[in-house]
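Fit chain B to the known structure of chain A by using the hints.
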Amino acid sequence: MGQTLFEKVWNRHVVKPQTADSPAVLYIDLHLIHEVTSPQAFTVLRERGLPVRRPDRTLATMDHSTPTTPRNLDGIIPVLDVQASKQLDTLTRNCEDFGIPLYALGTEKQGIVHVIGPEQGLTQPGMTIVCGDSHTSTHGAFGALAFGIGTSEVSHVLATQCLLQSKPKTMAIRVDGTLSNGVTAKDIILAVIAKIGVGGGTGYVLEYMGSAIRALSMEGRMTICNMSIEGGARAGMVAPDDTTFEYIAGRPYAPRGQAWMDAVNDWRTLPTDDDAQFDAEVVLSADTLTPMITYGTNPGMGMPIDARVPDPDRASDVSERVALDKALTYMGLQPNQSLLGQPVNVVFLGSCTNSRISDLREAASLLRGHRVAEDVRMMVVPGSQQVKAQAEAEGLDQVFKEAGAEWREAGCSMCIAMNGDQLAPGEYAVSTSNRNFEGRQGKGGRTFLASPLTAVATAINGAITDPRQMLEREVIV
Amino acid sequence: MEPIKTFQGTMAPLAINDIDTDQIIPARFLKVTDKNGLGEACFSDWRYESDGSPKPDFVLNQPQYASAAILVGGHNFGCGSSREHAPWALMGAGFKAVISTYFADIFRNNSLKNGLLPIVVDEETYQQLLSLAEEEPDTAIIVNLEQEQIVLPDGRAVKFPIDGFSKYCLLNGVDQMGYLLELDDHINEYEEQNAGRVRTTQAGD
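Going down the list, the protein sequences come from chains A and B. If you read the first sequence in my numbering, its first letter stands for residue 1, the second for the next number, and so on. If you read the second sequence in my numbering, its first letter stands for residue 478, the second for the next number, and so on.
A few of these clues could be false.
Dumping the calculated PhoX-like pairs for lysine-lysine here, alpha-carbon to alpha-carbon at most 20 Å [said to hold, decoys possible]:
hint, chain 1, residue 1, chain 2, residue 2
1, B, K644, A, K167
2, A, K16, A, K167
3, A, K86, B, K512
4, B, K532, A, K443
5, B, K636, B, K573
6, B, K512, B, K573
7, B, K508, A, K86
8, A, K326, B, K532
9, A, K8, A, K109
10, B, K508, A, K443
FYI, nobody ran anything at the bench for these hints, they're computed from the structure. Owing to the predicted nature of the structure, the values given are computational and were not obtained by experimental measurement.
Extracted from the complex, chain A is given alone in its bound form (with noise of 0.2 Å):
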């Protein structure tokens, strides 16, 4: 019987098989490492008298935790918050003592930590790679298989490279068909994550396949394996094909020359064999999918952007009901109503989901020569310092600017509402990112998740708005 894509990435990678008294120890090719999952790990180490294993096959960067707000006059990002400042300086301290690459705050590559490994080069198919980041799983959109790990398995990885695990299972998530205009990568991932549930893929590694899959770009691939544990699962893959060869061609880490040629040769043994057996199979039709939006306090909450908010008394058992009503109660939203029209105080494009290149540029071609509502406050916050620039050599930067919104430094920023950019109580925002958990954007904030365009319609209406709407009297380029 053939393999998958998924068994394929993993046995290269076991040093030692699972038996029945231990699970499996994995290699990792690459790890990760931020400032906010990582001091106690280092505090093990130093306890234990321990080195880094591999401070080659490591990188660290500043973004959970660092403020996104403006430059001094000395080029320096301010971090004014003393609690945020010592985390900082610890993961600097701990980089020059272990000798890890550091892409410090402000510095030309740094940014989010799922931006900069493949903007680097440094994510290639068929790789391990860990990062004690729950959406580490982005990096799957290579054909690597990633993902989240906590603090414990930080220090595993920094000492021995390795990591014991257990065989998950694996779920093919297929969709063929064709997006309609107004439809991206966004509102596939929000559909599958509404089919399949918050917990759907718990235990379960994802492959997503079908032909509305392959005709994605590798921005929205990474959207789409970004969200894989917003249904469970600690990891989602697409397997490796030309447009990811083209993707990473020439970037800073990708191979050069014979070994470049090399590389994709074996990259091409990767894809799924026709015979290869999953645990699990969803199939979604790209033809009929719409712009997605949440109306609830999980990702899994989701729904077409012209549906109705679901009426907790028609729920199918007593627990879904109590969770519906908690959600809508904290939501501040009635069963049945329509989200089109809903007046909104902050729209985010921002975030390991929604932040790269392709993302700015699709949002800026729709607020081009538009202005952000009133009464709406619309951050843009870039993944990356390289996509800071790029966008700014692009003049996306006017174009955001122009309409009203803020351009901001790069990082988490609101996604994750621990750096001071952060919603104040009972503000509705809509947000590009991925978590509408109770008080995941700021305290009491009430978070709509959907996708770039879907975020730039809202701004400019200052109320919940289907950009399809807008697309139909503009012509996008």
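Showing chain B alone in chain A's frame:
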């Protein structure tokens, strides 16, 4: 890590599905470089008013649950972020185990590495334990890791699944790092056979 022996504890009921780690410990409390003080912030937004006073309705603020060692929560407990601060916070708040019908993968892994026992039970047992916790908050159950079972007050024993390796580590109070460090020869051999991988210190140009 302290070895986990058989223990008795009362239960706190939190009958909500999909409790995410942002609720267990909101992100604004993650700006720490150690594990101290997280117990105070556990479930902070559900537990405290904005002026810091306790919300009387929340289960952990009710005196009958003040000393509960076992949290009973709805399915998919611990979904969302990979923050290990979640089990650190729950342990800081006095919990030794969480019972649910299933756990999010990363939370379960993180819990096992810290000696917070994630106990999976079937739906019927879950409902029974919830009722027991709500109606008789002073009644303790027994958690017996060696036997892989919980024992209810009526004497009924319910098995729970746990992988043998985690169980061994928890029973003996050993962490998994030691095991990995002993595999140095295996890791060296693997690295020799797979040398040509990407290196962060060697950019192509």
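Hint by hint, work out which the structure violates, then give me just those numbers in ascending order. The structure conflicts with hint 9 only, although it agrees with all the remaining ones.
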